[in-house]
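Visitor: Chain by chain, the residues:
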Amino acid sequence: MSLLATPRDAGYPAGPDQARQGPGRGIRRGEAVAGWLFTLPVLVILGVFLLVPVLMALWVSFSDWSGRGSPLSSGVGFVGFDNYAAVTTGGGLAERDFGIALRNNAWYVLLVVPLQTALALFLAVLVNRAVLRGRGIFRTAFYFPSVTSSVAITVLWLFLFSTSGVVNTVLARLGIAGPNWFNEPSGVLHNLLRVFGVQGGPDALTQHGFLGVTWWDWLAGPSVAMSAFVLMAIFTTSGTFMLLFIAGLQNITPEVEEAAMVDGANGWQRFWRITLPQLRPTLFTVLTLGLIGCWQVFDQIYTGTQGGPGKTTLTPAYLSYQSAFLSQEWGQGAAIAFILFVIIVLLTILQRFVLRESPDVPRKARRAAAQRARRRAAAAAAAAAPDATPDSGRTSPTEDPR
Amino acid sequence: MTRPISRRLAGAGAFLVAGALTLTACGGSGFEDTADAPSAGAEELTSSDDALSVLIGSSGDAETDAVTEAVAAWSEESGVEAEVQVASDLPQQLSQGFAAGTPADLFYLAPEAIAGYADNGSLQPYGDLLANKDDFYPSLVENFTVDDTFYCAPKDFSTLGLVINTQLWEDAGLTDADIPTTWDELADVAKTLTTDDQVGLSFGAEYQRVGTFMAQAGGGLVVDGEPVANSEGSVEGLTYVQSHLEDGTFAYAADLGAGWGGEALGKELAAMVIEGNWVTGALTNDFPDVEYTVAELPAGPAGPGTLQFTNCWGMAADSPNQEAALSLVEHLTSTEQQLAFSEAFGPMPSIESAAADWTSANPDLTAFLDGAAYAQFPPNWAGATDVITDLNAQLESLKTGDAQAILDTAQSNLEAIAE
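Chains as they are written, first to last, in my numbering: chain A, 1 to 402; chain B, 1 to 419.
The hints are simulated quantities; they were obtained by calculation from the structure and are not laboratory data.
It should be emphasised that the depicted structure is a prediction, and the values quoted were computed from it without experimental measurement.
Glycine included, C-beta positions come from ideal geometry on N, C-alpha and C.
Take these hints with a grain of salt, some might be off.
What the simulated footprint calls covered on chain B by chain A, stretch by stretch (three residues with Cβ under 8 Å from a Cβ of chain A suffice, anywhere in the stretch; the number is not a length) [as the list claims (entries may be wrong)]: (1) 98–104; (2) 248–259; (3) 377–387.
Only chain A is shown next, with the shape it has when bound in the complex (with noise of 0.2 Å):
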């Protein structure tokens, strides 16, 4: 959770490409040879330590290893897409418990990433106020959580919300019985329709489901342990984010805003309609960095709650490690695994093609109406000149080509 990363690994162009003459040509001839040299032992270091096993861990979750010996030894059978069978449509405990994974995580991932992401980006902006005193104590208090370790953090949050804990103490203060909430398995929407008086779900959701878990448990609502992890998340990484939303704030010359503020654009517009767009780039680095680091959720599960109560913290990470480590399935905590890798690639990928960077429709109209209104005049001088946009950088195929 705690990657730093700068937006211009979220793979966005850093400018033009300065290496792309070619090696072997001219007064840099052999510079690709020790440049090969030098990234020679990170290369070997990642391979062993991080390709090969990967790759290990694929063949195992097409394979029959019992967990005793090398996985790539002659007793080791090829047994095709067994495993992955068993836990997406084997209608056992295995295929449930990931559906129950899964679910778990993904009402996990529904809360966390936009609120962390909302939260980091309101602190940011806070805190870059160049009016603000003492605005380095602010930045370095919200990091603080980030620092910490997790292990650290999640045993101060089983003291926090423990029965008689700060948190049920100062609820009780307000006239609020708080629940027991590591032990409290219950969904939060289902809870919440309770309130309504409604108690079981219509037959088309109960009787009805995926992964072995039925539609009406899919629509449980993250539990109400589920939920205090939740809290957890948002309490840890904002401070991260926010760190790469300052980065990208400071990025952002003072001009436009200025511009902006002369065509008479108030607070909130300037924040829409200026800063926000600019800072798209940082935005798709915070929210993939944060989807991929709420579906690999582990440690607050390991050390916390073990998946209870009712299996409703489990995760797929944690269900991968407990099937492998201590049920002997080998197979099946790989295949869950790589199951969980094809999950966050196609999420990242969808996120991508959400935000990618194209004109916005009132940019497109307004840069639509200058042509137009350019042509016009061209026409009427009868010039043959070339329509050339002035940011030419960025010609988008989406323009119009009227």
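Given chain A, work out where chain B should sit, using these hints.
Guide: Chain B only, in chain A's frame:
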């Protein structure tokens, strides 16, 4: 990404794979090892001068020190070096050791893990070679028997009993004569003992406690090798628990804000709890002022019932010095040594010849040992852990749940792994 870069990247990737594979090929003999498992039942033990490593999952310093001392004493006598390691996460470290081909020679092994390790040939079955084989309680031997092979020596065991807070008991005007022996009497005293500050009876929200009621009603999870999770007795047991969870005279420890029964008893959140031998050590350490009495669990409609918990001394099939390991196990399970362990950290000796001595040393705890005569134990089939975890997850909401439905799920899960 422009084309030249992606091409270069592809080249780098290929180079990386090739390089890494070459490296592992010359460096990692581990990848070339074959996992030829000696077939279960192979009775040839290996012998060498290698030192032994013993991996334990310790309950605390008392246990660690006791085991370390016992192993050191054996080491001195036999001349074979042996080292005790305390695992922070035993199942994980065992799995790691087996996968890497370098397991500890001897280790604590839980019955629910035995089938999985036995199936993949990680374990050396040595039960029949033990000199004191006939001294172990038969139900414990059964606990560690897979496919008719007695795998490993039970190291000790515990059963569940009714632990009563003496002070609260007397405050409610109850005497020794009121100690419940039937379900009805249990319900009565639980009602008497329930006040605004405490419940009558508490226990963990898990099969490992609630299962006693299933056993007392003639059910259980697996009886005589048959899954009986949704049998009439099991349902009756759960229904009894459910009705008293509803009327508030029973409560799960977690619902009282306690981590487990012992804590609920110590904090006087409950007047009675269902716990095992380990409660004595915990109460002495954490709540030295709490006085308690241990009674046998009351009998249900089908008679008395409790659960037993045990671990064995597992031996690795890959151990190079199994003969020495066997001798160490015999030392560790001897009458004298087991009584010493019992004194140090509480469990009961797994051998019948130590029973009389144990009883005279622990006159207040005999109820635990008496339970051994009729105790059930959780199934030790491969995959049983998952089934019990799933059952426990559902038992947490037993109060509002459907006992029959919960047990039907458990039954179908058990049938899926039945041997």
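Visitor: Could you tell me which of the hints above the structure violates, numbers in ascending order?
Guide: No hint contradicted; all consistent.
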